[in-house]
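Input sequences plus hints: build the corresponding full structure.
There are 2 protein chains.
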Amino acid sequence: MNKMTQFKELISYEEALERIRKSIKPIRRTEIVPIEKALNRVLTEDIVANMSVPPFDRAAMDGYAVKAQETFGASPFEPKTLKLTEILHAGASSNRVLGKGECVQIATGSPIPKGADAVVMVEFTERNGNDVNILKPVYPGANISPKGEDVGKDQVVLRAGEQFFPARIGVLAALGRKEVKVYEKPRIMVVPTGTEIQEVGSPLQEGQIYDVNSYTLSLVLSENGAIPIRCKAVPDTDHEIGKAVKKSPDYDMIVFSGGSSVGERDLLRNVIQEFGTIVFHGIQIKPGKPTLLALVTGKPVFGMPGYPTSCLLNAYLLLVPAIRQMARLPRKIEKTVKVPLAQRVASASGRTQFLTVKIKDNQACPVFKHSGAITSMTEADGYIVLPINIDVIEKNQEVTVFLFD
Amino acid sequence: MNKMTQFKELISYEEALERIRKSIKPIRRTEIVPIEKALNRVLTEDIVANMSVPPFDRAAMDGYAVKAQETFGASPFEPKTLKLTEILHAGASSNRVLGKGECVQIATGSPIPKGADAVVMVEFTERNGNDVNILKPVYPGANISPKGEDVGKDQVVLRAGEQFFPARIGVLAALGRKEVKVYEKPRIMVVPTGTEIQEVGSPLQEGQIYDVNSYTLSLVLSENGAIPIRCKAVPDTDHEIGKAVKKSPDYDMIVFSGGSSVGERDLLRNVIQEFGTIVFHGIQIKPGKPTLLALVTGKPVFGMPGYPTSCLLNAYLLLVPAIRQMARLPRKIEKTVKVPLAQRVASASGRTQFLTVKIKDNQACPVFKHSGAITSMTEADGYIVLPINIDVIEKNQEVTVFLFD
Chain A
5 MNKMTQFKEL
15 ISYEEALERI
25 RKSIKPIRRT
35 EIVPIEKALN
45 RVLTEDIVAN
55 MSVPPFDRAA
65 MDGYAVKAQE
75 TFGASPFEPK
85 TLKLTEILHA
95 GASSNRVLGK
105 GECVQIATGS
115 PIPKGADAVV
125 MVEFTERNGN
135 DVNILKPVYP
145 GANISPKGED
155 VGKDQVVLRA
165 GEQFFPARIG
175 VLAALGRKEV
185 KVYEKPRIMV
195 VPTGTEIQEV
205 GSPLQEGQIY
215 DVNSYTLSLV
225 LSENGAIPIR
235 CKAVPDTDHE
245 IGKAVKKSPD
255 YDMIVFSGGS
265 SVGERDLLRN
275 VIQEFGTIVF
285 HGIQIKPGKP
295 TLLALVTGKP
305 VFGMPGYPTS
315 CLLNAYLLLV
325 PAIRQMARLP
335 RKIEKTVKVP
345 LAQRVASASG
355 RTQFLTVKIK
365 DNQACPVFKH
375 SGAITSMTEA
385 DGYIVLPINI
395 DVIEKNQEVT
405 VFLFD
Chain B
5 MNKMTQFKEL
15 ISYEEALERI
25 RKSIKPIRRT
35 EIVPIEKALN
45 RVLTEDIVAN
55 MSVPPFDRAA
65 MDGYAVKAQE
75 TFGASPFEPK
85 TLKLTEILHA
95 GASSNRVLGK
105 GECVQIATGS
115 PIPKGADAVV
125 MVEFTERNGN
135 DVNILKPVYP
145 GANISPKGED
155 VGKDQVVLRA
165 GEQFFPARIG
175 VLAALGRKEV
185 KVYEKPRIMV
195 VPTGTEIQEV
205 GSPLQEGQIY
215 DVNSYTLSLV
225 LSENGAIPIR
235 CKAVPDTDHE
245 IGKAVKKSPD
255 YDMIVFSGGS
265 SVGERDLLRN
275 VIQEFGTIVF
285 HGIQIKPGKP
295 TLLALVTGKP
305 VFGMPGYPTS
315 CLLNAYLLLV
325 PAIRQMARLP
335 RKIEKTVKVP
345 LAQRVASASG
355 RTQFLTVKIK
365 DNQACPVFKH
375 SGAITSMTEA
385 DGYIVLPINI
395 DVIEKNQEVT
405 VFLFD
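Top line first, the protein sequences correspond to chains A and B. Taking the working numbering, I'd label the letters of the first sequence as residues 5 to 409. Taking the working numbering, I'd label the letters of the second sequence as residues 5 to 409.
Among these hints, one or two may not hold up.
In silico DSBU-like cross-links for lysine-lysine, where the CA-CA straight-line distance does not exceed 30 angstroms [what the hints assert, rightly or not]:
no.	chain 1	residue 1	chain 2	residue 2
1	A	K364	B	K151
2	B	K236	A	K157
3	B	K362	A	K342
4	B	K336	A	K339
5	A	K41	B	K373
6	B	K41	A	K185
7	B	K373	A	K157
8	B	K364	A	K342
9	A	K373	B	K118
10	B	K247	A	K41
11	B	K41	A	K336
12	A	K41	B	K29
13	A	K251	A	K26
14	B	K71	A	K373
15	B	K364	A	K151
16	B	K247	B	K29
17	A	K364	B	K26
18	A	K362	B	K29
19	A	K157	B	K29
20	A	K362	B	K182
21	B	K182	A	K251
22	A	K362	B	K71
23	A	K41	B	K364
24	A	K41	B	K41
Note that these hints are calculated values from the structure, not bench results.
So, in structure tokens, the structure goes:
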């Protein structure tokens with residue numbers, strides 16, 4: 005404990021985000037995945053259509069394929085009569101060329117027979133055996149979806165860097181592609197530290213508590229496009245923490261949690277300084293002041309607070325932007341609601357404060373107990389922000405709640 | 005085509021949602037999963053704490069465990085001096101009982117030794133060898149997190165029906181639970197219909213197009229808590245569709261797509277009527293008028309439009325609420341933005357119209373081509389709604405965009 009020191013420099017939340025932005029390199033490794041596994045993944049290259057969609061002129065309506073010219077002048081009183089030569093169900097096509105005075109019954113989606121240039125909707129026809137009376141003229145091209153109407157061959161349909169959502173995977177299917185090249189997900193090692201931390205499922209010894217942070221951190225990583233590799237807790241010693249830090253070449257990022265006290269935090273800081281450089285250590289936020297970011301062999305190493313609520317809230321505030329930048333995902337669109345505050349709250353002066361709240365009776369009710377309490381998070385629907393220069397928010401004042409889900 | 009009929013009755017979008025709400029039974033099967041796999045799953049029963057968290061009185065600060073009474077009157081000028089008898093690092097505990105005039109060095113998180121009732125922060129002490137000078141008095145309980153402060157034994161910490169997000173899984177970890185009982189995900193069969201539909205990856209024959217809908221529908225199902233079982237396209241015949249419908253006892257829901265035309269749609273309707281009852285067929289919306297819901301052996305059967313854009317947009321509008329109700333997930337929180345419309349748009353009269361838009365230069369730009377165009381969706385960031393009684397939205401008028409992501 006005699007190694008105990010104060011934070012060298014506390015930076016603002018905005019400055020921490022800016023340093024994260026500058027320090028994190030987007031992933032460059034790629035892999036090929038089946039399209040049904042590509043949801044939320046990020047495209048590495050432009051996709052150029054290798055075919056037209058639709059791949060042929062097709063009927064946009066059920067009806068009769070005709071030569072438009074032969075319908076001109078038709079009316080219910082003076083119908084034009086055409087000979088029905090063939091019936092094309094959906095998916096059926098014909099090699100026959102439509103002759104003069106002929107028509108072909110056609111289903112939506114079927115290819116337009118050669119020689120035809122329009123479709124008369126079934127509603128504007130009458131059929132008597134093989135005679136079809138056309139009751140209304142059509143112009144050339146009427147009720148036809150021309151080849152390439154949706155996607156032209158050689159057209160760029162998707163662009164490098166775009167994230168896959170269902171419609172974008174749909175366009176790959178439309179082009180017949182089974183697989184697509186995407187960026188790999190960052191592989192991130194999650195290391196809880198603390199001699200007192202016991203693995204979930206093992207019996208607790210006197211003085212031990214269960215590992216919470218490696219679970220919550222891993223889930224936040226999974227939700228934001230990374231692959232967490234969760235480790236058992238390592239004891240708070242130079243040697244053990246050093247062993248973990250030295251694994252940085254094997255991962256895209258390491259996230260430590262624990263060591264909420266100044267002494268333990270300095271342990272991580274001191275070990276890291278042997279191998280790399282500190283980007284920041286200490287932020288003017290509450291909870292989460294001791295959060296640390298370093299670069300070791302060019303890889304980001306986060307030191308998150310040990311208290312479960314501080315750890316998870318700081319993961320949302322600081323780790324999520326870092327992971328998403330690495331995974332090349334767009335900035336998360338925050339879900340927010342504006343509601344009145346159920347009770348007056350006072351802020352920690354000189355720090356941006358994040359306060360967990362529950363939404364009840366359309367009011368934001370603070371549920372924060374203390375940073376050690378996991379229930380501060382489980383009961384919360386989201387959090388509100390008390391800016392650094394605001395001391396108090398009064399009861400009934402409208403606040404913006406950032407929702408966790 | 006001679007079986008062609010009109011829709012018996014068109015209902016409003018709101019009425020369709022209401023009939024869905026009344027028709028879908030939430031899933032009742034349960035399963036046990038490891039907690040790290042429980043994200044977004046739904047809890048079947050209340051979770052009662054089987055232990056206290058923290059499980060013992062622990063130090064909330066680095067410092068010295070003391071008998072509070074022995075610090076009374078201490079000041080920097082007249083410190084109280086205590087004998088250091090032991091050093092407890094984090095995770096270490098002691099069997100020794102603190103005696104009169106003694107103190108124990110203690111790290112945040114360590115159990116408070118018997119006989120001590122407060123912690124003096126290290127900042128308010130001076131150490132000379134084994135003498136510790138206390139510079140400030142503390143009250144009994146100071147800087148101690150008492151046993152059960154976060155969670156009391158036998159307290160209900162999570163409730164049946166709650167969905168797991170990271171913090172709620174964190175509380176299970178804090179209680180040492182490795183597994184949890186959740187509702188099963190609904191198993192939903194996805195059946196594209198159409199003789200012209202070819203499986204992605206196989207070469208296209210004349211008149212064929214690739215299956216898009218089974219991919220987009222499966223992804224939307226996955227995103228909303230269901231397990232899609234994707235089938236190869238079945239031809240548009242009574243027999244083939246009947247075979248698929250008859251599998252309803254094996255699944256929680258069947259979703260057909262295809263048959264955008266009235267004739268084909270009636271095929272599905274006619275087959276289903278043999279085995280079950282129609283809940284609705286035909287909605288006053290654009291796109292998506294022909295969407296169908298039926299109950300077969302008590303299981304919901306959806307008939308989605310065949311055109312990719314209509315199919316996917318209708319999946320967001322109608323299928324998602326149905327799946328989430330079945331999976332017991334809360335109503336999706338819509339992400340929306342309000343921006344001016346980039347160009348005047350006119351609505352289809354008598355129908356609620358959903359128009360896909362891209363957000364560009366902080367304006368909503370319509371990207372809808374036609375309901376057959378998958379690119380109407382890939383380029384879209386979301387959609388706007390033109391209510392049934394609105395004919396036109398003018399350029400620059402503010403609109404609410406419902407974002408896809």
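Going through the hints against the structure:
1. K364/A <-> K151/B: holds (29 angstroms)
2. K236/B <-> K157/A: With a Cα-Cα distance of about 26 angstroms, the restraint between K236/B and K157/A holds, given a limit of 30 angstroms.
3. K362/B <-> K342/A: It holds: about 26 angstroms lies between the C-alpha atoms, which stays within 30 angstroms.
4. K336/B <-> K339/A: holds (11 angstroms)
5. K41/A <-> K373/B: holds (28 angstroms)
6. K41/B <-> K185/A: Distance of about 27 angstroms is within 30 angstroms: holds.
7. K373/B <-> K157/A: holds (17 angstroms)
8. K364/B <-> K342/A: holds (26 angstroms)
9. K373/A <-> K118/B: holds (26 angstroms)
10. K247/B <-> K41/A: Holds - the C-alpha atoms of K41/A and K247/B are around 29 angstroms apart, at most 30 angstroms.
11. K41/B <-> K336/A: holds (23 angstroms)
12. K41/A <-> K29/B: holds (29 angstroms)
13. K251/A <-> K26/A: holds (23 angstroms)
14. K71/B <-> K373/A: holds (26 angstroms)
15. K364/B <-> K151/A: holds (29 angstroms)
16. K247/B <-> K29/B: Holds: K247/B and K29/B sit about 24 angstroms apart, inside 30 angstroms.
17. K364/A <-> K26/B: holds (27 angstroms)
18. K362/A <-> K29/B: Roughly 29 angstroms separates the two Cα atoms, so the pair holds.
19. K157/A <-> K29/B: Given pair K157/A, K29/B is violated - Cα atoms ~45 angstroms apart, limit 30 angstroms.
20. K362/A <-> K182/B: Holds. K362/A to K182/B sits at ~27 angstroms (cutoff 30 angstroms).
21. K182/B <-> K251/A: holds (27 angstroms)
22. K362/A <-> K71/B: Distance of about 38 angstroms is beyond 30 angstroms: violated.
23. K41/A <-> K364/B: Distance ~29 angstroms between K41/A and K364/B Cα, so the pair holds.
24. K41/A <-> K41/B: holds (18 angstroms)
Hint compliance for this structure: hints 19, 22 are broken, all remaining hints hold.
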